[in-house]
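Asks: Chains as they are written, first to last, in the working numbering: chain P, 22 to 295; chain R, 22 to 295; chain W, 22 to 295; chain Y, 22 to 295.
Just so you know, these hints were derived from the structure itself, not from any lab.
Worth double-checking, as some hints may not be accurate.
Where chains are identical, the list cannot tell them apart; a pair therefore holds if satisfied intra-copy or between any two copies.
[Unchecked claim] List time: in silico EDC-like cross-link candidates among lysine to aspartate or glutamate, alpha-carbon distance up to 16 Å:
| # | residue 1 | residue 2 |
| --- | --- | --- |
| 1 | 92 | 276 |
| 2 | 92 | 41 |
| 3 | 183 | 41 |
| 4 | 214 | 136 |
| 5 | 27 | 274 |
| 6 | 262 | 38 |
| 7 | 214 | 202 |
| 8 | 27 | 271 |
| 9 | 158 | 281 |
| 10 | 69 | 276 |
| 11 | 214 | 157 |
| 12 | 283 | 51 |
| 13 | 213 | 157 |
Since the structure is predicted, the reported quantities are computational estimates derived from the model, not experimental observations.
There are 4 protein chains.
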Amino acid sequence: MDASGKRYWSTSVSEAEAADVFIRGYSLGELIGRLPFSAATFLLLRGKLPTPGESRMMDALLCSVLDYALKKPGTVAARYCVSANPSMVAGLATAVLSVGEYTLAPDQAGRLILESFTDANRAGAVDDAAAGLQIEKLRATGRRVPGFGHPVFRFTDPRAQKLKDIARAEGVWGPLCDWYEALHRAFTTRAKKPEIVINEVGMMAAILAQMGFTPEEMTGIAILSSVPGVIAHVSEEIQGKVRIRTVPDEAVEYDHRRRDLKADMAAGDWQADR
Amino acid sequence: MDASGKRYWSTSVSEAEAADVFIRGYSLGELIGRLPFSAATFLLLRGKLPTPGESRMMDALLCSVLDYALKKPGTVAARYCVSANPSMVAGLATAVLSVGEYTLAPDQAGRLILESFTDANRAGAVDDAAAGLQIEKLRATGRRVPGFGHPVFRFTDPRAQKLKDIARAEGVWGPLCDWYEALHRAFTTRAKKPEIVINEVGMMAAILAQMGFTPEEMTGIAILSSVPGVIAHVSEEIQGKVRIRTVPDEAVEYDHRRRDLKADMAAGDWQADR
Amino acid sequence: MDASGKRYWSTSVSEAEAADVFIRGYSLGELIGRLPFSAATFLLLRGKLPTPGESRMMDALLCSVLDYALKKPGTVAARYCVSANPSMVAGLATAVLSVGEYTLAPDQAGRLILESFTDANRAGAVDDAAAGLQIEKLRATGRRVPGFGHPVFRFTDPRAQKLKDIARAEGVWGPLCDWYEALHRAFTTRAKKPEIVINEVGMMAAILAQMGFTPEEMTGIAILSSVPGVIAHVSEEIQGKVRIRTVPDEAVEYDHRRRDLKADMAAGDWQADR
Amino acid sequence: MDASGKRYWSTSVSEAEAADVFIRGYSLGELIGRLPFSAATFLLLRGKLPTPGESRMMDALLCSVLDYALKKPGTVAARYCVSANPSMVAGLATAVLSVGEYTLAPDQAGRLILESFTDANRAGAVDDAAAGLQIEKLRATGRRVPGFGHPVFRFTDPRAQKLKDIARAEGVWGPLCDWYEALHRAFTTRAKKPEIVINEVGMMAAILAQMGFTPEEMTGIAILSSVPGVIAHVSEEIQGKVRIRTVPDEAVEYDHRRRDLKADMAAGDWQADR
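Kindly produce the complete structure, drawing on both the sequences and the hints.
Replies: This is how it looks when you write it as structure tokens:
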């Protein structure tokens, strides 16, 4: 305890006793076999049981990325890693570390949705006019709008559409989702590009925001959804027995220059020193 | 392609095309909303759809650890990390890295089960006598038997028992599980310690082995099951706004010795150099 | 090669042949025993040999942090890690991951110095008046100025002063360093706080910027300087044989609430599902 | 403090006070500008000042690897990482994680040297006969001898030879180094392969063992020596602005099989469930 009588740590995630662990207050022993993993994930993060619909929504969200072959840098990095250090732990940590600024992470769209919604609410309304103002503000800064656009799909992204249908069916869809669609309408109108879609990462963000998750938690959930694929790749790589993967010489532009160390050190006054 | 015409990489986990991704051959677009995440995990790792029973077993297994308060080093390490670098990615990678030799990981029990079963099979039978031989061999090396024993439970571990009940109910229980129980009987008899239980990590290993997972994959699944708890802790820590956590001075035995650098360098012939 | 004939990778850091490696064009075989490690670090990053003065400056910079007892989150996280997973690799990676936004990293000061200098240069001059404008701009945004201030030192920070003296003596001091001091003068005058020092991290940044390093490289160098201390802590922790460190219960405010899973599931319409 | 009055943590690496840090008892303020980084590394790990010769030896050892182009998995993994997450911290941690079983790490040779030396000493002598016994024991287990052999060099490895020359010149060479050479003689004689060299990693291990480092610390030192090269590669990759590196399709053997989810779920009794 410090001077104020407050303990240094504080947590309400779980409490471990000798014979049981309590997850947000629920006995882990009772929970096993009753809750699907997706529901337990919701419980751990939101501190309350999901409805069955929210639980099925989590399953859909956790399945919406899953794996992306050898086109995801983190997967390739993890396979290079275990070709040298054949450890599941090292491979998984490596894959996690490749998630960031240039990957399609829901946290950026999530932050936009939450901040612009709060902003519009404060100004009085969250309608199409308000969405237009937000988009104009955003376009003035030159920043791109996260969650819009897809290399292949035009007008609609079928996977995003599917997540929306499930959200509606499970009773999860709500004002933050509507707001994101309003932002999308405002954007495509002003940019005169009706073909630009809400992609699946944008839709994930809108639904996760509606379910109460913070942007950092959205990144966590996106990483969680990618873990089984990484386990599969790491396992395949270890069983494949390629040791010490490299980049083949013919794929590299090396700088072939050669220099003379002794001459350059002498010219650089190193003689007096060595 | 190398000289033999073989490509440098090979994978059957997934294939990404412009408009869809194929997970072990199945369209990701179709999969969303149809498969629970636990079933998708099985599919990614085992390369085939689970039965509904196997899927429910995966849910139970993924829920059997979940979180362990501030009594798991990886959780504490992750919270220290994000008190300095408030990043979900860094926090999750940190927690993953604390899984290893001294944590209760199912891979050690899994390796024992698979190797001893193969060994016994080769010798002709996987019965109680064979289990006795395996245990005697193990005890001769002085190694402990992974998955046996619990600080509190004696005779039975209720959580392990629950996993067993579910495995039976879902049609997952099989010869490798029976073999692990035979090893347990042989051990408690020979050690004359009937109170020593099969703990939940041992039971997880037996069931995962029966379901066809490799020991490395078991570690991966154990890490997967702990990710939601770590997300919750990292999120709580970031929201708690404690910056730069340290260890309070009163908890540390510091070495208060002070030394004289100039004097010691002079005594150590550093004068000529500096 | 892609369609344009460009290879996928390109690097000038080093080239490995069967019997030797060439570091920025210099034979590694010749380099060993001739270059101090600090000079080799400069060579790898800047692509050219340092002068002997630059090499000594690197030694001073690399020694200016070194270790910070159990008051650095990364060190504590690394010790928690290896108490569970006794691996030098995992421990070092863990410590690296705790470097970020709230740690005193030179990259933030480095970015400020480089950007404001370019800005002022473009506007015509890098003098005190220009520094005043930059500080006013910065203060208007409410952002703090990185590299200024120390919990103990007032008016001067002896360690920063020492780095400055070495930079002058070794011929490394230059316009970017003068510019940072001009920013400091402008800040202390305008804020009417003459006692606020340039701290050692600010001074490191100014000198590293003058030597030509990018902000990202400054972070890399700061991490490099901390690696020996982390190796020492990890080694001490592994030899100390404390297994599975936790946070003692008396240091934690746990949420003792208990809830009834079956009742809450029933109330939440889970009956129909399970 | 626990019941025994012992504090939970104990360290002698450093102690941080308000105005100074003490590194193994020496004032950090005094140390800057006096000790080369290589000497500070020795001090942190061994708890005492090196001699000037030991310091130069450390410089030579830290320079003996440095970088290995795109033929080191950790470097490639780090570049994939920062093509997605452009962060020096993530890139460095990724590179560290690729050090392990299949990389040429000095810890394996170090462990062999220390254990066999202790063993031989206990048996009475550390001479050629004793070395022969140790090699025979090792060969009986089928294990390879770490630190012997090189893909190009036969009879001598010039880089290993150079490290030996420096160790002799700086007064660092000693009984553990002689012992490793005795093991090498015993091995080449018994294997009838006089051309097999002590490679540079083996020589590093022998010298580091002689200087008093533990095998885990040897791994730490090898990682330290590789950090500047990784910083250079990460910096080059970030500046190169390739975003989201993948593996080109033509380098991958994908499994093109396609399967029908609905049909397979129906066949697998999933209908009743969904």
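Asks: Which hint numbers doesn't this structure obey?
Replies: The structure conflicts with hints 4, 6, 9, although it agrees with all the remaining ones.
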